[in-house]
Amino acid sequence: MKAGVVIVLGALALAAVRETPAQDGSLNLPKSVAAGSAFSIPTSGSGKAALYIIGLGQVLKRYVQLGETVYFPEGSLHDAGSYVVILAPAGAGASAAETDAFDVTPVPTPARLSFLAKPSRLPVSLHDGITGAAYVFDAYGNLIVTPMPVSFQLSGPSGSTQKSDAVTKAGAAWVEMDSTGKQGIDQFVVSAGGISSTRVIRQVPGDPCTLKMSAQASGQKLQLKTDPVLDCSGNAVLDGTIVTFSEAYDGGQSTVDVPLKHGIAAVSIPAHHGATLSVACGIVLGNQIRWEQ
Amino acid sequence: MKRGTLLAFFFGTVTVAVVIIGTLWPVPAARAYAGEESLIESSSTPEAAVRNLGEEIRTHDWQKAYASLANRAQLTEFEFEHDVTGYDVGLRTYSSLDHYEISPLHASDNDATLQFTLYWSTVVGPQPDTRTLHLLRVGNDWEVEWPVSERPIVPPQVIPVEYLRWDVINRGPGDDWGVQDVDAPSVRIVDMHPVQRADGVFVLGELLNQDVVPAYVSVTATLQRQDGSAIATEDAFDRISHILLPKQVTPFLIEFPDASLASVRSIRMEPFSTLVSASADPVIEIDNQHFNAGPEASLTGELINESGQVVNVPEVLGTLYDQSGQLVWVVDQYVDHALPPQTPVAFKIPIPEDLARKVSSERLIVATYSFGGYL
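Quick note, the sequences are listed as chains A and B, same order. Under numbering that gives the first Met the number 0, the residue at position 268 of the first sequence is numbered 267, and the numbers go up by one with no gaps. Under numbering that gives the first Met the number 0, the residue at position 12 of the second sequence is numbered 11, and the numbers go up by one with no gaps.
Pulled out of the complex, with its shape left as it was, chain B reads as follows:
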C-alpha cells in the first residue's frame, strides 16, 4: 500500500472514531447547544443565578427565565421577553446571545448587585447590553430582580405626515441610442483627511449631495505610491450614510488595514452616486447630545423618531472636529432597538481615548432603515 493511502486511511479511521466518541459521550456544553440538556446549575450564589438567567436567555427559554425572577409581580413574561429582545422589529430581533459577562458590584448575606452585560451577535457586529441586576436570597437560592424599564406609551393620536418621495424611471434596454438617461446626482467631497493609526491608514471626509434629488452614494479611495501605482483600494462600507437627501452631508471613513501613510504619495478619491427612489421621512431628532471626555470618552444622546412609523434599524454617524474645524475622526453606532414613534431611545458611541483629547465639536446624523420601506 502506498504511503499516501495509509495516511488517508489513518485519518479516516481517526475521524470516524472521534465522531463516534463525540456522539456517545458528548460534553455538557455540546448537549446544551443540541438542546438535550442545559448548562443550568444550582442558583446557590448570585453569580450562578445570573449565569442561569443568561443561559435561559441564550436558549430563548423565556418561561424558565421568567419563573426564576424575584419580581414577577412587577412584570409579565411578555414584558420581560420584549424588554430583552425589543418590542418592535430591530437588529436585536435577528440576533443571538453570544456570551455574557458578570461583574459583582456589591454582595451581602441576603442581597447582591451585579453588572450583567449581554453580548448580542447582530448582522452588524456585537452589540453589548448592560443591565445592573439586584439579587435577593430566597432560602438557599438567589433570585434576580429584573430591572423593570417602563415602556413609554405614546397616546393614541394621528400624526399627519406629508409624504415626499422621489421615484426614478431610468432608460430602458429597448430605448434608442441617443435617448438620454437622467443624470446621476451631483455629489462633492467637501472635506478629506488621512489619518495614520496603529492599525492602518484611515481616510476620513465628508460628502455633500449638492443636487436636488436623493442619491445613493459611496466613496472609494486609492492609496498611491511615489510612482503612481496603487497600494490599495477600499471603499466606505459601513461608516457612511449611503442615502443622501438633497443638500445632506454624510461623513465617511475608509479603512486601509496595515497600510502606512509614509509610503503614500497621493490618495485618489472617487465619489460614486446614483439616482435612487427615496422618501424624505422619517425625521429623526438627536436630543441631549453630549460629548463625554475622559478615560472612557463617548458621545451620548437620545434619538427621537418624529414620524408615526417605527424605524427598525437606526445608525448614528458622528463627525468629530478639533478646535480649528479639522476632521478628527468618524464614529458610528447601530442602535439595536427599533425607534418607536415619539419615543426617546438612548445611544452611546465610544470614542478612542487618544482622539477624544482633540475633539472640540461634533456633528451627528442618523441613517435609518425601515422594513417594508417608507412609502
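Bound-form chain A, shown alone:
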C-alpha cells in the first residue's frame, strides 16, 4: 500500500515536472547517506523549485529557493535503499526538471539481532543438530549488509560451552553445532557489535538404551517395576514417557500403558501362573519374565 502510494506520488510529480516551463536549476547530491543521519543538498540556479526525494518506503517534498542548500535534519530518511531526487523549477518559463539518485545505507552499528535457532528441542549427542542463523539490523530496522563479525555460543547446563565465530554475508551469519551428551536446557547466544540475543534449546534424552523390569508377587497381583530407564548416554528418560507392560497367559492377555514417574514405571496386574511378562517403550523392547509361581 505504502509503496503504491509512493509510486503514484512519484508519477504525479514526474507528470507535473514535464508540464513545468523550463528554468535553470541543478542538483549536487551526496553519493550516499547513512540512514537517519542529517544531510544537505546544494542547488544552483535561480527561482523557486520543488524538491522531491522518492524512495520505496518514503517520500519527502520541500519547496526550495534555487541556489541555496537544502538541509534535512537527523531521522529524515531512515529506510535504506536507493532514492530518486527530482528538482522541479516552478513558474512560467521554468527549465525542465532535473533528476538524480543517491543511496541511503544502513547505519553500520548493529542495534538489533534476529536470531533463528532450530530446533527448540533435540536429542543429546546429535552431530550438527543445532542451527543458528542471525540477521543484523540497525536502529532503523535496516539489514546491515556489510560484513560483520558475529559470535555464537551454546552453553549447556553442566557449564560446557561451544563457540563459533562467523562473518555476515548479505546481512546473515549462520552456524551448525552439536548437541552435547547431557540433557538439559542450553542457552544459545549470538552477539554482534555489543548486542546479543538468546534462545533456549532443550536437549532431551534419546530412546531407552536398555529396558529391564522385575516382577514381585503382591497377594493375587504382580507388582511390575522397571529399573531406572536411561538412554545410551546415561541420561534418565523423561518422566511421562509411556512404558507398556504386557502379560500373556493361557487364552488371555493384560496390557497397561504406564507413564514413567521419577524415572521408573510401575504397575500392579493380576498374577497368572505360567504368564509371560514383557515390557516395551516405543520401539524398544525390554526383557521378558515367565511367571511360574
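Hints were generated in silico from the structure; no laboratory data involved. Heads up, some of the hints might be wrong.
Claimed, not checked - Calculated Cβ distances over 12 Å to all of chain A for the following chain B residues:
#1 LEU6
#2 ALA16
#3 VAL26
#4 THR116
As the list claims (entries may be wrong) - Listed next, with one range per pair, are the computed distances between beta-carbon atoms:
#5 ASN286/A x LEU135/B: 54 to 62 Å
#6 ASP127/A x MET268/B: 25 to 33 Å
#7 ILE158/B x SER213/A: 18 to 26 Å
#8 SER150/A x MET268/B: 38 to 46 Å
#9 GLY273/A x GLY307/B: 29 to 37 Å
Backbone N, C-alpha and C define an ideal beta-carbon position, used for all residues, glycine too.
Assemble chain B onto chain A, guided by the hints.
Then chain B, alone, in the frame of chain A:
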C-alpha cells in the same frame, strides 16, 4: 394465472390441509412422541410387557418402569434408573433410546425369558445394550424381573497420584519476527498398509510419538492415480488416539468409501502433530483381554481405571496382526459407561469374520476423555 403460480397454490393448500389433519387426528405414535399419550399396551404377553418397559425407558418414565418390575424388593428406583443410564456421566448420559429388539428365548405358562437389546443413540453412533430378562406371570399380566447388577463399591481410600502434566506457552502475536516457537512434536508412521474391502479402500497403520512431549496427532492420506493426481484425501477421524504421550503408539484407520485399490498408484501419508497440554493420567489397565475366534469374532476384556477419578468416555482401539506381524485391521469401540476408579468395566469389539481368520495377535490401547479434564 400462470402455471407455476397454480402449482405453488396447489402445494400450499395441500400442505396446510395435511398440517390441519395431522393436528386434529394425530397417529398414536405421534401422540406418544409429543408426550400426550404413550404407546403402552396391556402386558398380557411377555413381549408386550417388555415392549411396555422399553417405551417407559424411552420416555424416561422411570417411576412407571420401576413400578412394572416384579423384583422391586431387590432394587430401588434409583438403582434401576442408574443401572440403565449409568451412575457416572458417560456417553449413555447424553444418549436417547432409539429402538429396542426383543428375542424370545424361553416361554412357559408362568415364566418366560427374553433377550432385550436396547439401541442407544450416542454422539459416536448407536450403542447396543443387551440384557436377558426373566418374566413372571402375575394374574393376567406379565412382569419383568430386572437383572440386578451389583455396583462394585470401592472402599473409601486415598489413592496417591503424582500428577504429571505438560503445559505449553506458544509464540504470541506480539512477538518479534525471529522469536522461535517451540517445535511441534516429532511423530513417525511406523507401519502402513492399504486394504481393499467391499466398501472401499482402507489405509491402516501405526503412528509413534517419538518425542518427549505429548502430541495431538492426526494422519491424512491421499490416494494418487498413475499420473500423480489425487483420487481422494481423507484423514483418520475416529479410529486413532488423538492424544499421544511420549513414546506412545496409536493405530489409525483411514476410510476411502467406494475407492478401488486397483486405480491407486501411490498413497501420500501426512502425519500431523502439534503440541498440546496433557496429563499423564489416568492409567487404564486392559485386563482379561481375549480374542474370540469363530462366526461372531470379537475382542473382549475389561478396563480398569487405576486412578482415583472417573473417566467419562473411554474408547478402546485395537490393532490386529497376522502371524507375520503384518497389520490386518484396526478396530475400535466406545464404552458407553464411565469408568469408575478401580472397577472393571467390560468391553466387546466385534471383528469382521473374514478378517478374524487372519488374526494371530492384537494390541489394545485406551483413549480417554474426562469432563473437566485431568488436572
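So, going through the hints one by one against the coordinates:
Remark: the non-interface label on LEU6/B is consistent with the geometry, its nearest Cβ contact in chain A lying 54 Å away (cut-off 12 Å). Every beta carbon of chain A lies more than 12 Å from that of ALA16/B, the smallest distance being close to 62 Å; the non-interface claim holds. Remark: the non-interface label on VAL26/B is consistent with the geometry, its nearest Cβ contact in chain A lying 52 Å away (cut-off 12 Å). For THR116/B, the non-interface assignment is confirmed: its Cβ lies about 27 Å from the closest Cβ of chain A, beyond the 12 Å cut-off.
Distance hint for ASN286/A and LEU135/B: a CB-CB separation of about 58 Å, consistent with the stated range 54 to 62 Å. Here the CB-CB span from ASP127/A to MET268/B is close to 28 Å, well matched to the stated 25 to 33 Å. Range check, ILE158/B to SER213/A: Cβ separation about 23 Å, and the 18 to 26 Å hint holds. Restraint check, SER150/A to MET268/B: a C-beta distance of roughly 42 Å satisfies the suggested window 38 to 46 Å.
For GLY273/A and GLY307/B, the Cβ-Cβ distance of about 32 Å falls inside the hinted range of 29 to 37 Å, so the restraint holds.
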